[in-house]
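Start from the sequences, fold in the hints, and give me the full structure.
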Amino acid sequence: MMGMAVQAGAGTPVLVAIGIVVGLGCGAFNGLLVTRLGLPSIVVTIGTMSLFRGIAFIVLGDQAYKGYPPSFAFFGQGYVWWVVSFELTLLLVAAVVYWFLLHRTSFGRRVFAIGNNPVAAQFSGVRVGRIKFILFCLTGLMAGIASVLITSRLGSTRPSIAQGYELEVITMVVLGGVSILGGAGSILGVVLAAFIMGLVTFGLGLLNVPGIVMSIFIGLLLIIVIALP
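Residue numbering for the sequence shown follows the numbering used here, starting at 508 and increasing by one per position.
The set of hints was computed from the structure by calculation and includes no laboratory data.
Glycine included, C-beta positions come from ideal geometry on N, C-alpha and C.
Hints are supplied without guarantee of correctness; some may be wrong.
Simulated DEER-style distance windows between Cβ atoms [claimed, not checked]:
#1 F724 with F607: 44 to 50 Å
#2 A627 with L674: 31 to 37 Å
#3 L558 with V587: 35 to 41 Å
#4 I677 with Q514: 31 to 37 Å
#5 N623 with G574: 46 to 52 Å
This is how it looks when you write it as C-alpha cells:
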C-alpha cells in the first residue's frame with residue numbers, strides 16, 4: 508500500500524499512517540478470526556501471512572516501488588542526537604512500554620492468566636476474547652511500524668520484502684524465554700535475545716556465510732531452544 512501511495516505522490520505523514528493502519532487492520536482481522544470463529548491462533552497467523560503476501564503480489568506485481576521522499580528515510584536511516592539510531596530508540600521505548608503493560612498492569616496479569624489456562628481465566632471473569640483481540644491488534648500495530656522502518660531503511664518496497672523474517676522472530680521470542688505453550692516470558696528476555704540474534708547474524712554476514720546456511724543455522728537454533736528445558 509505504501510508503494511502505491513508513493514507512486515500517487517503521498518507525503519511522509521500519509522505513508523507512515525498507511526503502514527501503521529494497514530498493519531493494525533491485518534492484526535484486527537486475525538483477531539476476529541480467532542475470537543469470533545474460534546480458529547487456532549497459529550493456523551490463522553500462518554494462513555493470513557500467505558494470504559496477505561499473495562494479495563500484495565496480485566496488487567503490486569513483482570516489482571520494486573521507489574521514489575520515497577527524503578524525509579521518509581529518517582525512520583530507517585536517521586539518528587537521534589547523531590548518536591543512537593531512530594530504530595534502536597523506538598525499540599527501547601516500545602520495550603519499556605510493553606514491559607510496563609505486561610508486568611505492571613492488570614491487563615498483563617490477564618494475559619498471563621489466559622496463556623496459562625484460558626478456560627480457568629474465563630471462569631475467573633477474564634474476558635478472554637476481548638484480551639486476545641487486543642493482543643492481535645497490538646501485534647498488527649507493531650508489524651505496521653516495522654513495515655515503515657524496513658521500507659524506510661531500504662528506500663523501496665516490493666511484495667517479497669521481509670520474507671523469511673518470521674522464522675527469525677519466532678527464534679528470538681523462544682530464545683528470550685517465551686513459552687510456545689503460553690503463560691511465561693518477559694520483554695527483557697526477548698530484547699536480549701534480539702540483540703544476540705542480531706550479533707550472530709551480523710557476524711555470519713561478515714564471514715560471508717551464504718544466506719541458506721544462515722537459514723539452516725536459525726532453524727537448528729530454534730529446534731535446540733525448544734528442546735531445552
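Status of each hint after checking the structure:
no. : hint                       : in the structure
1   : F724 with F607: 44 to 50 Å : 34 Å, violated
2   : A627 with L674: 31 to 37 Å : 32 Å, holds
3   : L558 with V587: 35 to 41 Å : 36 Å, holds
4   : I677 with Q514: 31 to 37 Å : 33 Å, holds
5   : N623 with G574: 46 to 52 Å : 49 Å, holds
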